[in-house]
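Q: Listed here are the chains, written in short residue letters.
2 protein chains.
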Amino acid sequence: MLEIERKFMIASDAWKDLADAGTPIRQGYLSLGEPTVRVRLKGTKAYLTIKATKSPGVRHEFEYQIPVGEAETMLSTLILRPPIEKIRYCVPFAGHIWEIDIFEGANKGLQIAEVELQSRDERVDLPYWIGPEVSDDPRFFNAYLTHRPFAGWGVDYATLLKRV
Amino acid sequence: MLEIERKFMIASDAWKDLADAGTPIRQGYLSLGEPTVRVRLKGTKAYLTIKATKSPGVRHEFEYQIPVGEAETMLSTLILRPPIEKIRYCVPFAGHIWEIDIFEGANKGLQIAEVELQSRDERVDLPYWIGPEVSDDPRFFNAYLTHRPFAGWGVDYATLLKRV
Chain R
1 MLEIERKFMI ASDAWKDLAD AGTPIRQGYL SLGEPTVRVR LKGTKAYLTI
51 KATKSPGVRH EFEYQIPVGE AETMLSTLIL RPPIEKIRYC VPFAGHIWEI
101 DIFEGANKGL QIAEVELQSR DERVDLPYWI GPEVSDDPRF FNAYLTHRPF
151 AGWGVDYATL LKRV
Chain U
1 MLEIERKFMI ASDAWKDLAD AGTPIRQGYL SLGEPTVRVR LKGTKAYLTI
51 KATKSPGVRH EFEYQIPVGE AETMLSTLIL RPPIEKIRYC VPFAGHIWEI
101 DIFEGANKGL QIAEVELQSR DERVDLPYWI GPEVSDDPRF FNAYLTHRPF
151 AGWGVDYATL LKRV
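Note that the protein sequences, when read in sequence, are chains R and U. Residue numbering for the first sequence is 1 to 164, as defined by full-length UniProt numbering. Residue numbering for the second sequence is 1 to 164, as defined by full-length UniProt numbering.
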C-alpha cells in the first residue's frame with residue numbers, strides 16, 4: 001500500500017486529555033538504505049515493515065506481522081544500531097487519528113505527532129496543540145534518529161520549537 | 001532459525017534422473033548488506049527472507065510468506081538490482097534433499113547444488129555428480145550474483161569446474 005503522512009512537532013501537552021493509554025514501541029532497522037526494513041515490537045505484537053520513498057511524503061509500505069520471539073531476536077542481534085524506544089499515543093481529532101510518539105532512551109525529550117492521509121493534498125484540521133510541520137525534515141525520520149539521536153542534537157525541545 | 005548449508009559446483013547432469021519437475025524462482029534484494037533482505041517468488045508462492053551470518057556456513061534465517069502481488073511489486077519497483085532468475089530442482093540422495101539451482105538471465109550457465117544440514121559437521125554423502133565445494137566462496141552467494149552476474153566472470157562453467 002501507499003503511506004501518505006504528515007509529521008509535526010508538538011506545541012503543548014493538551015493532547016493528553018484526548019489520548020489513549022499509550023503503547024510501548026521498540027524498533028530497529030535491518031536496512032537503513034532505500035528501502036528501509038524495520039522490525040518493531042508494539043505492545044504484544046511484532047511487525048516487519050518495508051518502506052520506500054515514492055515521492056515526497058508518499059511511501060510504499062509493506063507490513064507483515066511476525067512472531068514476537070523472532071522480532072526480539074532480530075532486535076537483540078541483527079539490527080544495525082541500538083533500538084529506538086518510544087510510547088505511542090493515539091489521539092482522535094476532527095476525523096483523523098493522530099499518533100503522538102514520546103521518545104525514550106537516546107531520543108528522550110523528542111515528541112512527534114503524525115497523521116496518515118488518503119492523499120498528499122487531503123485537508124486536515126490541525127489540532128491547537130500542534131507545532132511546526134517537519135514532514136520533509138530528515139532529522140525527524142526514525143531511520144535518521146538511529147544514527148543521530150535527539151540527545152546529540154545539542155538543543156532542547158522548547159528551543160527547537162521556536163527554531164524549526 | 002539457524003540455516004546451515006554447504007554449496008557445491010555440479011560435475012555432471014546425472015542428477016536429472018532423480019530430480020523433480022523444478023520450480024521457477026525469481027528473487028531480488030531489498031538490502032544487500034548484513035543482514036540481507038530477500039524477496040522471492042517461488043512457483044505460486046512468495047517469501048520475504050532475512051539472513052545474517054552467525055559464523056562461517058551458519059546463518060540466522062527468518063522467512064515469512066507474503067502475498068504474491070506484493071512480492072511482484074517489490075521485485076518490479078523496490079529491489080536494488082535486476083532480479084535473479086533460476087529453476088530449482090530437488091534431488092533426494094542418501095537421506096538428504098539436494099537443491100539444484102540452474103540459473104537463467106544474466107547468470108545463465110551457472111549451476112549450484114546446495115544441501116541443508118542440522119549442524120556444521122554433519123556427515124553428508126556427496127552424490128557422484130557433485131563438483132568442488134564453494135560454500136565459502138563469496139562469488140557464489142546469490143546476493144553477490146546480483147552485483148556480479150556469471151555472464152561477467154569471463155569463464156565458462158566447464159573451465160571454472162577445473163579451476164575452483
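One or more of the hints may lead you astray.
Claimed, not checked - In silico DSBU-like pairs for lysine-lysine, Cα to Cα no more than 35 Å straight-line:
hint	chain 1	residue 1	chain 2	residue 2
1	R	45	U	54
2	U	7	R	42
3	U	108	R	42
4	U	42	U	108
5	U	162	R	51
6	U	7	R	51
7	R	7	R	42
8	R	54	U	54
9	U	42	R	51
Said to hold, decoys possible - With the C-beta cut set under 8 Å, the calculated list includes, among others, these residues of chain U facing chain R:
hint	residue
10	30
11	35
12	56
13	58
14	60
Since the hints were derived computationally from the structure, they do not count as laboratory data. C-beta: ideal position from N, C-alpha, C; glycine also.
Q: Now look at each hint and say whether the structure bears it out.
A: Hints, verified against the model:
Taking the CA atoms of residue 45 (chain R) and residue 54 (chain U), the gap is about 26 Å. The hint holds against a cut of 35 Å. Simply put, residue 7 (chain U) and residue 42 (chain R) have alpha-carbon atoms about 38 Å apart, too far for the 35 Å limit, and the pair is violated. Restraint check: the Cα-Cα separation between residue 108 (chain U) and residue 42 (chain R) comes to about 44 Å, which exceeds 35 Å; the hinted pair is violated. With a C-alpha separation of about 18 Å, the suggested pairing of residue 42 (chain U) with residue 108 (chain U) holds against the 35 Å cut-off.
A distance of roughly 44 Å separates the Cα atoms of residue 162 (chain U) and residue 51 (chain R); the hinted pair therefore is violated under the 35 Å criterion. Annotation: proposed proximity of residue 7 (chain U) to residue 51 (chain R) holds, straight-line Cα distance about 33 Å (limit 35 Å). About 20 Å separates the Cα atoms of residue 7 (chain R) and residue 42 (chain R), which keeps this hinted pair within 35 Å; it holds. In summary, the hint linking residue 54 (chain R) to residue 54 (chain U) is supported, as the alpha carbons are separated by about 34 Å, within the 35 Å threshold.
Simply put, residue 42 (chain U) and residue 51 (chain R) have alpha-carbon atoms about 23 Å apart, close enough for the 35 Å limit, and the pair holds. Evaluation of the residue 30 (chain U) hint against chain R yields a held restraint, the C-beta minimum of about 5 Å falling below 8 Å. Hint status for residue 35 (chain U) relative to chain R: holds, with the closest Cβ pair at about 5 Å, below 8 Å. Using the Cβ-Cβ criterion of 8 Å, the hint placing residue 56 (chain U) at the interface with chain R is not satisfied: the shortest such distance is roughly 17 Å.
Residue-level restraint check for residue 58 (chain U) is violated (minimum Cβ-Cβ distance to chain R is 13 Å; threshold 8 Å). Because the beta carbon of residue 60 (chain U) sits about 7 Å from the nearest beta carbon in chain R, less than 8 Å, this interface hint is met.
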